[in-house]
Amino acid sequence: MSLLEISDLHVHYRRRTGRLHALRGVDLSIGAGETVGVIGETGSGKSTLARAVLGLLPVSRGRIVIDGEDVTRFNQRQWRSFRRRGVVQYVFQDPLRSLDPDLTIEESLTEPLRLQGRRDSPNHLLERVRLDESLLTRLPAELSGGQRQRVAVARALAAEPRLILLDEPVSALDSANRVRVLELLKELRDAGTALLFISHDLGSVAGIADRIAVLHQGELVEDGPTRQVVTEPRHDYTKLLISSVPTLRKVVPA
Amino acid sequence: MSILELENVRIRNDADGRELVHGVSFALQPGGVVGIVGESGSGKTLTCRAALGILPEHFVVSDGRIRLDGQDVAGLTRRQWTALRGTTISAVFQDPASYLNPSLTVGSQIAEVIRVKRGAKRRAARERAIELLAAVRLRDPAVVYGQYPHELSGGMLQRSLIAAAIAAEPRVLIADEATTALDVTVQAEILDLLADLRRDTGLALVVVSHDLAVVAQLCERVLVMRAGEVVEQGRVEQVLHQPRHEYTRLLIEEHEAYGLERYLVAS
Amino acid sequence: MLRRVLSLASGRIAAGILTFIVLLAVLGPLLAPHDPLEGGVDVLAAPSGSHWLGTDYLGRDVLSRLLDGSRVSVLGSVQVALVALVAGVIPGILSVYLGTVFEWFTLRLADTLIALPFLVFAVAVTALLGNGIPQAMLTVGILISPLFYRVSRAATLSVARSPYVEAAIISGASIGWVVRRHVWVKVLPPIAVALANTAGVGFVVVSSLTFLGIGVQPPAPTWGGVLAADLGYLSFRPWAPLVPTALIMATVWACNLLADAIRDVSGEAGRALLNSRAVRRRHVHS
Ligand SMILES: Nc1ncnc2c1ncn2[C@@H]1O[C@H](COP(=O)(O)OP(=O)(O)OP(=O)(O)O)[C@@H](O)[C@H]1O
Ligand SMILES: Nc1ncnc2c1ncn2[C@@H]1O[C@H](COP(=O)(O)OP(=O)(O)OP(=O)(O)O)[C@@H](O)[C@H]1O
Ligand SMILES: [Mg+2]
Ligand SMILES: [Mg+2]
Numbered sequence: 001m002s003l004l005e006i007s008d009l010h011v012h013y014r015r016r017t018g019r020l021h022a023l024r025g026v027d028l029s030i031g032a033g034e035t036v037g038v039i040g041e042t043g044s045g046k047s048t049l050a051r052a053v054l055g056l057l058p059v060s061r062g063r064i065v066i067d068g069e070d071v072t073r074f075n076q077r078q079w080r081s082f083r084r085r086g087v088v089q090y091v092f093q094d095p096l097r098s099l100d101p102d103l104t105i106e107e108s109l110t111e112p113l114r115l116q117g118r119r120d121s122p123n124h125l126l127e128r129v130r131l132d133e134s135l136l137t138r139l140p141a142e143l144s145g146g147q148r149q150r151v152a153v154a155r156a157l158a159a160e161p162r163l164i165l166l167d168e169p170v171s172a173l174d175s176a177n178r179v180r181v182l183e184l185l186k187e188l189r190d191a192g193t194a195l196l197f198i199s200h201d202l203g204s205v206a207g208i209a210d211r212i213a214v215l216h217q218g219e220l221v222e223d224g225p226t227r228q229v230v231t232e233p234r235h236d237y238t239k240l241l242i243s244s245v246p247t248l249r250k251v252v253p254a
Numbered sequence: 001m002s003i004l005e006l007e008n009v010r011i012r013n014d015a016d017g018r019e020l021v022h023g024v025s026f027a028l029q030p031g032g033v034v035g036i037v038g039e040s041g042s043g044k045t046l047t048c049r050a051a052l053g054i055l056p057e058h059f060v061v062s063d064g065r066i067r068l069d070g071q072d073v074a075g076l077t078r079r080q081w082t083a084l085r086g087t088t089i090s091a092v093f094q095d096p097a098s099y100l101n102p103s104l105t106v107g108s109q110i111a112e113v114i115r116v117k118r119g120a121k122r123r124a125a126r127e128r129a130i131e132l133l134a135a136v137r138l139r140d141p142a143v144v145y146g147q148y149p150h151e152l153s154g155g156m157l158q159r160s161l162i163a164a165a166i167a168a169e170p171r172v173l174i175a176d177e178a179t180t181a182l183d184v185t186v187q188a189e190i191l192d193l194l195a196d197l198r199r200d201t202g203l204a205l206v207v208v209s210h211d212l213a214v215v216a217q218l219c220e221r222v223l224v225m226r227a228g229e230v231v232e233q234g235r236v237e238q239v240l241h242q243p244r245h246e247y248t249r250l251l252i253e254e255h256e257a258y259g260l261e262r263y264l265v266a267s
Numbered sequence: 001m002l003r004r005v006l007s008l009a010s011g012r013i014a015a016g017i018l019t020f021i022v023l024l025a026v027l028g029p030l031l032a033p034h035d036p037l038e039g040g041v042d043v044l045a046a047p048s049g050s051h052w053l054g055t056d057y058l059g060r061d062v063l064s065r066l067l068d069g070s071r072v073s074v075l076g077s078v079q080v081a082l083v084a085l086v087a088g089v090i091p092g093i094l095s096v097y098l099g100t101v102f103e104w105f106t107l108r109l110a111d112t113l114i115a116l117p118f119l120v121f122a123v124a125v126t127a128l129l130g131n132g133i134p135q136a137m138l139t140v141g142i143l144i145s146p147l148f149y150r151v152s153r154a155a156t157l158s159v160a161r162s163p164y165v166e167a168a169i170i171s172g173a174s175i176g177w178v179v180r181r182h183v184w185v186k187v188l189p190p191i192a193v194a195l196a197n198t199a200g201v202g203f204v205v206v207s208s209l210t211f212l213g214i215g216v217q218p219p220a221p222t223w224g225g226v227l228a229a230d231l232g233y234l235s236f237r238p239w240a241p242l243v244p245t246a247l248i249m250a251t252v253w254a255c256n257l258l259a260d261a262i263r264d265v266s267g268e269a270g271r272a273l274l275n276s277r278a279v280r281r282r283h284v285h286s
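Protein chains in written order, with full-length UniProt numbering: chain A, 1 to 254; chain B, 1 to 267; chain C, 1 to 286.
Note that these hints are calculated values from the structure, not bench results. Hints should not be assumed to be uniformly reliable.
As the list claims (entries may be wrong) - Result set (EDC-like, lysine to aspartate or glutamate): computed pairs, CA atoms no more than 20 angstroms apart in a straight line: (1) Lys-239/A with Asp-223/A; (2) Lys-239/A with Glu-219/A; (3) Lys-117/B with Glu-127/B; (4) Lys-239/A with Glu-189/B; (5) Lys-117/B with Asp-69/B; (6) Lys-186/A with Glu-189/B; (7) Lys-186/A with Glu-256/B; (8) Lys-117/B with Glu-131/B; (9) Lys-239/A with Glu-222/A.
As the list claims (entries may be wrong) - Okay, the calculated bits of chain A under chain C, using three or more residues with CB under 8 angstroms as the criterion: (10) 91 to 105; (11) 111 to 120.
All C-beta atoms in this analysis are idealised placements derived from N, C-alpha and C, irrespective of residue type, glycine included.
Bound conformation, chain A alone (with noise of 0.2 angstroms):
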């Protein structure tokens, strides 16, 4: 059974010059142990639809379903209730600004888990992300971009959510670090979590993603198995994106 399915969704955002149509009927869905990589080009939308999933945004048409819940037309309780069920989480962006710049690292890590009721210590979690404990007292300010990145992880794994949807949850980390994280992530996905994957960096999605989904000014154009995507990209914004890559082996023949 799918774990998350979007139908037809629609979203605008308002501002002072009028509404921007953000997202123009996206269809997707992901299973349990399924990873799908959302990729696109910067203001494609990519993480409009992660918020949008989450309920941090109205949507104006479609439907959107977690776990068998149609959530489209949620109010803040049922959304509170079904949040605290801990069955979706997400790792955001920016990690330092989405980490209170006023609690530690384990205040932080703690939260998703006193919020579900539970009095479990978060500091198996830091392992996990090969961090150490001795962060656990520090503040947000005080990490570098990487430990940051990595704490952004941790905490999202804290509830043990069956859909993870993670915004560039690498982009700061060096390679050897990314793929550690990578490996974390494969493991979770072994374990049945559906994880939506999104990032423009297409050798990270490609090295975890089963499918990809190509976002192009708010339009999913292309979905489709990972092989078949990067070998044989049928958009011309994917053509591009593919072509450009940048490997080491242009710059240094090995």
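Using the hints, position chains B and C with the ligands against chain A.
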């Protein structure tokens, strides 16, 4: 003469007495590019901050020397630093949103830099700001000018920040993961823009990136850092082609593990 | 935060002066060498051994009147600040969360209160509710509360849409949770600054009200009252108004100094918020 020179710079956290950067040295000529790669938390950002005189509270350069345009920065007053930042040395950091005021429009903040640092008139500053937003390949520069930071996507923010950083025509630009939020097509265009600036104005670059490919494409020399130590340093082709340190080898290996190469080579 | 405020020289000076003033308020009436209400034949006397600051037009000892009046003056301004705090901060924070009706209503109310001419309103209400310190301070407090309403509303707004609050909401946090855990600490520094400022303003207002004879029954001494009395006899004792004026000014100055110190130590976020033109601009818009 070098425009920016670091000589065995060490950085210590006075709050707990730990040293976090154990000696970094490099020299940057006008028009030159040096890359810094390395493990997360190895001290890359701290090194850049030291060069800009904006280390976090309690952090000090405990040893070594930093020379900016021939001048030792150790004795600079806060006012002298303010005068240098933006015009002589400028930077784009990770976490772009935290460097913009959330309640002012993006454009007005860039125009402000131009007015303060270049002494431009209000109208001229506005025009120049829109030009800059176009230069970083934002689609509707005039629209973006009037938007608030939270109305922009991650990549649009990062590009606005690059525009702000080059607004006052600095001679050194520190780009700390400045293209992380950009997809490769835009990234390539930004790298081209920086290359143009290097050629035309002699802009010197310090590029911090986890993306070895970006560093390989853009830089002449590269430093590989791990746990506050520079483990390897030299010409890019040499370091990436014949890495001597095992950590560098590991980085290159893992870079390829998840790259597209797998698919592209297979096909 | 207190420790950090005290680490600044300005913070220490402000704290020193305010401690002194509070001590005056607590001990002042006990220290007064004479009965502040008892007149004598020696009218408008120059300072002397028994009357250090001389006597007023009824022959009452000025030093005793100032010392005795300090309690009313200080308590009055504290009352003003507290009323303003409660009446302003709670609706200010809630206006962001309780939906558009509440928001609209409180915004209009705040605007109305601001538009009222300050002293005239205070005089009118005292006339209605009777002349007494609590009535007067309640009125003044309510009149000042829009300041707190706006400061706390602006601070809450800037936090309300931040990603870390969204992160909490995604994990199922309620409004109460978000306010307690994330919003409150961010709203506190700007409120502390506003509070220190209001205490200063409150002081001036209490003093000027008592100067006008509002809030206290005439014979009871206050700093403003002493000042008013002194001003009436400038030709006899031209230097006399300086003492109550200096006391009032020192207190107000200390409050402002304290406000600045708080602003300086309250982290990046607080500082940016307080300094930015934006907060003021947002006031105008909302
Ligand atoms: N709060 C907002 N108000 C108005 N417009 C917005 C808002 N948030 C995003 N937008 C606009 O919606 C479009 C899509 O933004 P979104 O953040 O989804 O892009 P993205 O695909 O995540 O890009 P990136 O890779 O750069 O993060 C952009 O044009 C952006 O300017
Ligand atoms: N304000 C601070 N207080 C305490 N420790 C800090 C502070 N800022 C950085 N550190 C620590 O200093 C070390 C180096 O940090 P730095 O930000 O330079 O790393 P980096 O090389 O830029 O890593 P990344 O690639 O993850 O951004 C890290 O271990 C970090 O935790
Ligand atoms: Mg995004
Ligand atoms: Mg860094």
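Here is how each hint holds up against the structure:
no.	hint	verdict
1	Lys-239/A with Asp-223/A	14 angstroms, holds
2	Lys-239/A with Glu-219/A	16 angstroms, holds
3	Lys-117/B with Glu-127/B	15 angstroms, holds
4	Lys-239/A with Glu-189/B	16 angstroms, holds
5	Lys-117/B with Asp-69/B	18 angstroms, holds
6	Lys-186/A with Glu-189/B	33 angstroms, violated
7	Lys-186/A with Glu-256/B	17 angstroms, holds
8	Lys-117/B with Glu-131/B	17 angstroms, holds
9	Lys-239/A with Glu-222/A	11 angstroms, holds
10	91 to 105	holds (count 9)
11	111 to 120	holds (count 4)
Going through the hint list in order, the structure does not satisfy hint 6, though it satisfies all others.
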